[in-house]
Every structure is written in C-alpha cells, then in structure tokens.
Amino acid sequence: MQEKHILICAGTGCISSGSMQVYEALKKELQKQRLESKVRIILSGCHGFCEKGPIFIVYPEDIFYCGVSAEDVPALVTEHLLQGKIVERLLYKDAQTGEGITSHAEIPFYSKQKRLALRNCGVIDPENIDEYIMRGVYQGLERVLRMEPQEIINEVKGSGLRGRGGAGFPTGMKWEFAYHNRQDKKYVVCNADEGDPGAFMDRSVLEGDPHAVLEGIMIAGRAIGSDEAYIYVRAEYPLAIRRLRTAIAQAEAYRVAGENILGSEFNFKINIKEGAGAFVCGEETALLASIEGARGMPRPRPPFPAFKGLWEKPTCINNVETLANVPLIIRKGSAWYTTIGTEGSKGTKIFALTGKVNNTGLCEVPMGITLREIIFDIGGGLQGGKKFKAVQIGGPSGGCIPESLLDLPVDYDSLHSAGAMMGSGGMVVMDEGTCMVDLARYFLAFTQSESCGKCTPCREGTKRMLEILERITQGKGKAEDIPRLERLALAVKDGSLCGLGQTAPNPVLTTLRYFRDEYEAHILEHRCPAGQCSALLTYYIDAELCTGCRACTRVCPAEAITGEKKEPHVIDEEKCISCGNCVERCKFDAIKTK
Amino acid sequence: MQTTTVVAKTMDFDYEQVEKLLQEFVGKKGVVVPVLQKIQHEFGYLPRPALEYMAARLRIPVSRVYGVATFYAQFHLQPRGKNIIRVCRGTACHVRGVTKVAEKTKELLGVGVGETTADLKFTYEEVACIGACGLAPVMMVNEQTFGKLAPEKVQAILKKF
Ligand SMILES: Cc1cc2nc3c(=O)[nH]c(=O)nc-3n(C[C@H](O)[C@H](O)[C@H](O)COP(=O)(O)O)c2cc1C
Ligand code: FES
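So the protein sequences, as listed, match chains A and B. Okay, so the first sequence: first residue is 1 according to our numbering, each after it adds one. Okay, so the second sequence: first residue is 1 according to our numbering, each after it adds one.
These aren't lab readings, by the way, just hints derived from the structure by calculation. Just so you know, even glycine gets a beta-carbon here, dropped at the ideal spot from N, CA and C. All the given hints hold, so there is nothing to weed out.
Only pairs whose alpha carbons sit at most 25 Å apart, straight line, appear in this in silico PhoX-like list of lysine-lysine:
1) Lys93/A / Lys148/B
2) Lys185/A / Lys28/B
3) Lys313/A / Lys28/B
Counterexamples of contact, computed for chain B against chain A with all Cβ distances above 12 Å:
4) Phe13
5) Phe43
6) Val111
7) Ala118
8) Pro151
9) Glu152
10) Gln155
11) Ala156
12) Lys159
13) Phe161
Turn these sequences into a full structure, and let the hints guide you.
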C-alpha cells in the first residue's frame with residue numbers, strides 16, 4: 001500500500017461535532033490493522049465547512065469525506081485504505097443532483113473561493129512549524145530583513161491592502177505614520193478580539209495558521225521600527241490562545257522570532273494578552289487601555305495610536321486577517337496582489353456565512369464578487385428552499401441588505417453606499433421567517449448593553465432607541481415612533497465618541513430604509529409579517545375544543561371574548577391586545593394563535 | 001520586597017495563595033487584568049480580601065481594581081458553579097432559534113442569567129458569539145462546545161456533567 005496522509009479537521013466546529021473521537025478511533029483502528037507506519041494522521045485547522053463536519057481527507061488521492069463519525073472509521077480503513085474503494089455514503093452530495101463529489105476542489109462551496117488568508121488553514125498541522133517552512137512561511141520575513149523600511153511600506157501601499165478589521169483604512173499608510181514618528185520604543189498590536197457576534201474568521205486563521213499571523217506581525221514590526229508586539233485575543237477562544245503560544249515558542253526555537261532573527265540584528269518579542277469579554281475592547285483605543293490594565297474605554301482620536309498608542313508610544317494596530325495577508329504580498333509582490341479584487345478594494349475577504357443558508361461556514365472570496373454568488377453558489381441557497389429575505393453584513397455596526405441588491409458587488413465602497421459595511425465579515429442570511437424589526441431590536445439590545453457608558457449620545461441614545469423598538473415589537477408602537485427613531489439614530493451616529501456608537505444605528509437605519517413596511521405593519525396594523533413577534537400574533541378559539549366555560553372571558557382585560565355559555569366563544573381581533581391571559585387560563589387548549 | 005501598606009486582613013483567608021500568584025507581576029505595568037484572571041482561575045471568582053490584598057501589594061487604589069473587575073464580563077465577584085454554561089446569544093444563533101434553547105436551559109436549571117444553582121453545580125451565562133456560528137445554535141459547557149442544539153437536546157447535555 002502506498003503511504004497515505006489523512007487530514008482530520010481539529011477546528012472548534014469539527015471538534016464539537018466529534019472529530020477528536022474520530023481521531024482516537026482512527027489511531028486504534030490503524031493499530032489493529034497494523035497500518036500505523038503506512039498512514040500519517042494530521043490534525044489540521046478549520047476547513048471552513050463547519051456545518052458538514054467532522055471533515056476527513058485522504059491524500060494523495062484527495063478524497064473529501066464529511067460528516068464522519070467514530071463508527072465510520074473501520075469502514076474507511078478497510079474499504080478505502082485497504083481495498084482502495086471510495087466510501088460513497090460519506091462523500092459530499094451535490095445539492096441539486098444528489099451525486100457524491102470526491103474532490104473538495106469540485107464542491108461548489110470551495111470552487112468559487114480564492115483562499116489567500118486561509119491558504120494554509122485545513123492544509124497543514126498548525127502545531128508543527130516544519131510544515132509551515134515547507135510551504136514558504138517565513139520567506140516573507142527573510143525578504144524584509146534585506147529591505148529598507150520604506151521599501152516594505154511602499155510594497156504594502158502599492159498592494160492597496162486595506163484593514164480587514166472594519167474601517168478599511170489603508171494598511172501601508174498606517175505603517176508609514178508609525179514609521180515616521182521616530183521614538184525609542186514602538187509597538188505592533190494585533191487585534192484578535194473579534195467581538196462581532198456571528199463572525200469567526202479571525203478565530204479560524206489563528207487556530208489554523210498561527211505562523212502566518214506571527215510573520216505578518218514581525219514584518220509590520222520591521223517596517224515601522226518596533227521590537228515588541230501584543231496579540232489581544234478574546235478569552236472565549238481557548239484553542240486559538242493555546243496554538244498561538246505553541247507557535248511563538250516554536251518560532252523562537254527556530255530563530256524566526258526572539259533575538260537575532262535569522263542571524264540578523266533584528267529582535268522581536270511577541271506577547272499574548274487575553275481579552276476579558278467586552279465588545280468595545282475591539283475598538284483600538286479601548287483595546288490599548290485594556291492592555292494597559294485599565295477599564296477598556298475608548299478615548300477621542302486624534303491622537304491616533306500611530307502617534308500616541310500603547311503607553312504613549314507610537315503603535316501600529318492591525319487586524320488578524322490584515323496581517324495574515326501581509327506575508328503573501330511581500331513574497332509574491334504588490335503587482336500580483338493588485339490583480340485580485342476591484343479598483344478600490346484589492347485582494348480577498350473572508351466571510352462567515354451563517355444563518356438560514358444551506359452551507360454555513362467560512363469562505364474567502366475575491367473582492368467584487370456579488371452577494372448572490374456568495375449566498376447561492378457558495379452557500380447553496382436557503383435552507384428548506386425558503387425565500388431569501390435579507391442578508392445582514394458587518395454585525396452590530398452593519399446593515400441589512402434586501403433581495404433587490406443581491407447583485408451588489410462586495411467591496412468597501414459598495415457596501416457603504418448601501419448603508420451596510422464590510423465590518424469584520426459576518427454575513428447572516430435570513431428568510432421570510434425573520435422579523436426585521438425584531439432583528440434591529442436584537443442588535444440594539446447588544447450595542448446598548450455593550451456601550452461603555454462614557455459618552456452620552458451612545459449611552460442614552462441607544463437605550464431610548466431600544467425602548468422604542470421594544471415597544472414596536474410588542475405592538476405598542478405609535479405612528480410617530482418611526483420619525484423619532486430616525487432622528488435619534490442620526491443624533492447617535494453624529495454625536496458618539498467611538499465607532500461603537502457611531503455605527504450602532506446602522507441596523508435600524510437600513511431596516512427602516514429597506515423594510516419600512518414591516519415597521520408600519522407592526523405599528524399601524526399590529527401585525528408581524530414574519531410571524532415572529534409573539535405579542536403580535538392573532539389569537540383565535542378552536543370551536544371544536546371550546547366548551548364555553550367562560551373562564552377566558554373573565555380574564556380578558558379588553559372584553560374581546562364573547563359567546564353564550566356552553567357554546568364556542570369567539571375572540572374579536574379588533575379588541576384583542578394579545579396579552580395571552582386567556583391562553584393560560586383555558587383548560588382545553590382551545591385558544592390558538594396564527 | 002516587603003509590603004509597606006497595611007491590609008486589614010480577614011481572618012480565615014489564605015493570603016499566601018494570593019501572594020504566590022502576585023510574585024511574577026510585582027513591579028510590572030499593565031498587570032491588573034492578568035492578575036484578576038489568575039485570581040479568578042485559582043478561586044473560581046474574585047474574593048474581596050484577595051482584591052484588597054492585590055491592590056495594596058501592587059500599590060494601586062482598590063477602587064481601580066473594582067473598576068476593572070466590574071467592567072469586564074469575564075470577572076465575577078460571587079462564587080460560581082462547578083460547571084459554567086454559556087449559551088450563545090450571537091446573531092447566527094439568534095436567527096437559528098437559540099432563544100428557545102436558552103429558555104429551556106434556564107427552566108431546567110431553575111435559574112436566570114448570571115445565576116448559580118443552589119447545589120453550586122451549574123452557573124448559567126449568556127455570551128455574544130462563541131465563534132462556532134456554523135453550528136448554530138451553540139452553547140458551551142466549560143470548554144466543550146455543543147452545536148446544532150434544539151430545546152429537546154438540552155437535558156441530555158446537562159446530564160453529562
Ligand atoms: C466597537 C468596535 C469594535 C471593534 N472590534 C474589532 C474587532 O473585534 N477586531 C478588529 O480587528 N477590529 C475591530 N474594530 C476596529 C478597530 O478599532 C481597528 O480599526 C482595527 O483593529 C484596525 O486594524 P485594521 O486596519 O487592520 O483593520 C472595532 C471597532 C469598533 C468601533
Ligand atoms: S453566533 Fe452563536 S456561535 Fe457565533
């Protein structure tokens with residue numbers, strides 16, 4: 001038998017679907033069949049296709065199995081490894097034809113992607129530096145050691161790379177500011193706080209390819225003239241933290257980090273700081289306050305961190321995905337990088353595709369691809385064949401985009417003009433069953449509770465907006481609530497100190513822009529078109545079950561229930577206030593909702 | 001180094017243990033958050049005497065220590081259960097119906113958000129995104145993640161602990 005490599009995904013998604021049990025079972029089975037010496041098992045980072053996990057790939061023939069469980073392992077070993085027969089039932093099935101697909105490059109989820117930042121995720125063992133070096137990692141670092149800082153900066157500027165952490169600021173320009181600000185000490189900070197609910201791309205990069213991030217950090221350090229970095233990771237990501245620690249230790253042992261890197265005079269130390277669970281700490285100035293050990297509250301900018309950052313020193317702060325792109329740009333050149341993407345947005349972006357879509361997971365696509373391609377080709381359309389309603393992009397700072405804009409190209413500027421934003425890249429797909437007013441209320445409840453309370457527009461404004469939205473979803477909205485919401489939203493947007501408040505109204509403004517009729521249905525007709533807001537459901541009495549006991553009529557505060565004793569009763573929809581008292585009182589389950 | 005600041009000591013509290021944790025931090029900057037993380041890791045929560053001792057030893061006002069401890073969701077001033085349940089209230093989970101899972105879990109445990117069961121077995125918390133959105137709805141028990149949940153699956157998960 002030819003030697004085989006088996007890749008089992010050990011990302012958080014697959015682990016929770018049981019990939020470690022698959023790993024144990026495989027080790028046992030190989031031992032039993034005396035194949036240990038012929039098969040190498042590699043625990044890889046995330047493949048992005050979390051929904052279909054655990055994922056199990058056999059090389060060199062590149063057969064992609066998904067949804068594998070420990071019980072499937074004996075069959076895989078006997079049939080595939082020993083008899084050379086593909087185990088059909090564990091292949092990915094094409095959504096349309098139902099036929100099994102063997103190679104992952106042919107699965108629609110992957111074929112439209114362009115994996116640059118995710119180039120190594122799911123391909124190599126993230127805990128083994130040798131594999132990285134084989135794949136060219138740290139060649140970029142080697143190259144920048146022979147370059148002048150300004151040359152490195154020019155290369156990054158020329159690539160057109162913009163920050164992937166939300167605001168899309170040109171990375172090279174940021175580095176240049178920090179470079180020109182000559183001081184004895186400078187810092188690089190890697191923002192791995194990823195607080196946006198519904199996003200997990202930075203987590204996957206850290207777990208699947210930690211060395212690429214380390215290399216990006218050191219290239220930034222070399223460019224701006226810094227010798228020390230902090231990676232700020234949220235504590236909710238224990239596996240990412242562990243893999244980063246392992247990677248730093250290995251890099252130091254191999255002399256690609258630490259002192260006299262690769263024999264040069266360049267020294268660089270990388271520290272890890274664990275976040276402590278506050279969304280606002282993703283904002284750069286709050287993050288720096290948190291590293292300094294204070295409450296993570298933002299401060300006004302300017303001065304920008306590139307001038308006065310960590311402990312008052314010039315600090316270059318970049319997102320994980322931004323930094324993961326840097327080594328490739330250095331290695332392949334900015335000219336190559338600019339061939340990917342659009343005029344104003346170069347390269348690729350990773351999106352976390354979630355919600356009511358068939359293929360949930362991480363996908364990396366060239367900028368300029370349309371939303372339709374992402375949702376319908378990569379995502380495989382909506383679950384249960386339901387009708388698409390909207391996609392929410394950019395998390396609590398972003399907006400909802402309706403069906404009419406599905407052909408919008410995905411880049412910084414188009415998304416911005418549609419009222420949404422790239423944000424970190426969360427993309428939550430919704431069908432007719434999602435109420436847009438409730439969604440706006442959900443996001444505002446999030447930003448309101450995460451507001452740090454420092455500035456008044458954000459602290460008070462989000463609270464008042466939330467109260468209005470709660471009122472509307474409970475059917476107690478008034479006609480003047482819509483203009484009032486709009487006015488408040490604009491005031492909060494204009495008046496807030498940091499990006500949290502400045503963007504918090506976006507979910508409300510975009511739903512008002514594209515789904516105003518839903519707000520009106522809630523307020524004027526006391527109806528939730530999606531059937532989600534329980535207070536707005538219509539109650540009726542099932543005449544078959546009603547005994548006419550009159551119990552409900554006594555608890556109805558609106559006197560909406562009428563009927564003769566011992567005869568089925570009826571609810572007057574006009575009068576009903578949907579309090580639900582009658583449902584609780586009825587002993588015969590005769591009161592239903594629609 | 002000897003502490004010069006006097007701490008009003010609480011009788012039956014093991015200050016030695018805190019002192020040991022503080023060793024590597026004395027004299028360094030930006031240590032409040034990591035020290036609190038260590039104390040919480042050791043005791044399971046942040047006992048008041050430990051915070052007072054830490055403030056005196058690191059020469060920072062107690063008010064600042066409390067300011068930081070109450071700012072971050074991760075820190076707890078009360079003892080917590082043996083197992084920590086974190087139900088995700090992130091967007092992907094919201095859209096895929098985590099609300100019903102959360103309600104069921106709270107009902108089975110008989111506690112609300114941030115509360116601990118009387119037998120100190122479970123603490124129930126809600127967090128914004130665990131980062132396993134592909135498997136929504138999701139919850140974590142300690143460091144283990146459970147995905148593709150439904151209200152009827154909760155009982156079986158709780159039984160494992
Ligand atoms: C409320 C708020 C939360 C943020 N959260 C994050 C985050 O989780 N990760 C991140 O990289 N940037 C986040 N940012 C953006 C950062 O402030 C900053 O722009 C970014 O880290 C810069 O890196 P980049 O230029 O590489 O994108 C957040 C901003 C705001 C206002
Ligand atoms: S939204 Fe629940 S895991 Fe991300």
